[in-house]
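Asker: Sequence:
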Amino acid sequence: MKLLNLFAALVIFTTLSFSAFSQDKKATILTIQGENITLEEFENIFRKNNRDSVITQKSLDDYMELFINFKLKVREAKALGLDTVAKFKAELEGYRATLARPYLTDTDMLNGMMREAYDRSKQEVRASHILINCDPAASPEDTLKAYNRAMEARKKILEGAKFDAIAKEYSQDPSAKDNGGDLGYFTVFQMVYQFEDGAYATPVGQVSMPVRTRYGYHVIKVTDKRTARGEIHVAHIMVKEKKEENGAANAAAKAKEIYDKAVAGESFTDLAAKYSDDGSTSKSGGELPWFGTNKMVSEFEEAAFALKNDGDISAPVKTSYGWHIIKRLGYRTIGTYEESEKKIKSDVSRDGRSEKTKNSFVSKLKKEYKFTYDEKLVNAMAATADTSVFRGTWNVSKKLLKKTMFTIDGKKYLASEFHKVITDRMKIRTKQTPADYIRSEAKVYAENALLKYEDTKLEGKHDAFRLLMNEYREGILLFELTDQKVWSKAVKDSTGLQNFYDNNKTKFMWPERIDVTFYTCANEQIAAKVRELIAQGVSNADIASQINKDTQLNIQIEEGVFAKEDRDILENVAWKKGLSMNIPYNGQFVIANVKEVIPSTPKKFSECRGLVTSEYQNYLEEQWIKELRAKYSTSVNKQVLHSIK
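For the sequence shown, our numbering gives the first residue as 519, with consecutive numbering after it.
It is worth saying that the hints were derived from the structure and are not from the lab. Treat the hints loosely; a few may be bogus.
List of simulated lysine-lysine pairs, DSS-like, C-alpha gap at most 27 Å [as the list claims (entries may be wrong)]:
#1 K921 / K938
#2 K882 / K863
#3 K743 / K760
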């Protein structure tokens, strides 16, 4: 009984101990020459590389050996000072800038905007617009003028004027002269974000208030909303109209003939290769990339989406490019949010939504770091601005320059620092007044300083970022030193490479091979004729000339030295000198004329240099690892390691 209780206690103790280790991410799992590596760091990398594997004690032990090799190389790189080299620092900073971006945005807002974008992707909007141009940097007076002009156009429409007529009169979008402002159907990410936002928010039949984008003010009328069509995959054959007499009629007739052949069952791929005037797709059977709404000219798009089943072929369709015969290859609806999430996130980061999430993030940082901004000081500096600010020669009194322009987390940023940034620039071009330019640039400078300050805090705030940066840091070091010790060394060390080959020739062997000529004959009668010609000593060139007199398909001749795995036909060939029997093969008959059976021999250095280089690199790395293991002491805490299981 006591023995059983003791055993139970040991089991409980062991379980609790392992549980404690698995929770204590700072526990030491590996020590290299007195430097401790934590469970957190090892487990982070281990789980990334073993996501779908069953974790066993053996898999942990095996991976630890690889991890030790990796860490030894990094330790050596640091000992050699590679982490202090300017090239290394610049490369790491470049990676950091990219890796930090997801951490310098309002994640909650980003997730909300991604969900909004997905929901909008399930609907398509048809709208018309009137554009009144207004530069983002326009003066308040010019901005108001553009807004009033947009409101004037809107008023006339609300009073009963036809939208297309007012668009032709007012809109500064050149296409309005032809389409009356009609943009057709579009969906999420196909318009600038502010325009998209205005269109989706406006009910069908209604006219929006002026919507501001980087192009100016838009008055939007929504004429329809429909369920998204999804995406379609098609191939097409295009016939261009030639600029000649009867060119249009000839193109239409040619398109009709091709269509008739296609529906009669001829290969669409072959027809595209023979007849399509779209050189970019004809060789691939006319296949086009998947597309959705507003990606093709409307006539082509409507005809494509009208096809109901895969394999359906449209009658010839006329567009501005010519005539098209379209074959449907596939169709897919809008995927689930999870399926679309990665692409949506990428698209959101590239359009106007990203600015919105950045602004929200900056607002949160201002509160967190008790940000203060001296608006009066900035206005006082702006009041001194003239056109010299655009030439880098702006003069500001020393009294103003000594003042604090803003503070972040108690740290003061002086006006003189901003002044230096402005005067370091040369020949700035902008439509802003000098005063407006200084005010807007001061705001940008302060917000960028806030983001840079947050950037310095990322490792302390986000464990995932800290671990990722460490991976990149060590990865760059590992690459640099491995290149010096192994990769480049193996390529440049010609003497060492030759010596390695000389000492390891048996690793680079040709398998047993035969020197053979294959005669692939269309039928047995031709095979019999070929045998006669071979017996008469006729050359292969003359055999081909005689047998293929009427068609090039009667015989194909191939000569060479082959290993068994090089040609599957060799499975049926007796490996001895002389002519084989007729071998049925793919509906034809093959005669093999074996000239010589070549035993297994070492390859010449010139024949296997690439493979020798690869093996030499492996050898150099093995020797290097042995040196590092002898140079640095290592100790693994097996109890912590196995707690991961």
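Asker: It remains to establish, for every hint, whether it holds in the given structure.
Answerer: Comparing the hints with the structure gives:
| no. | hint | in the structure |
| --- | --- | --- |
| 1 | K921 / K938 | holds (14 Å) |
| 2 | K882 / K863 | holds (21 Å) |
| 3 | K743 / K760 | violated (39 Å) |
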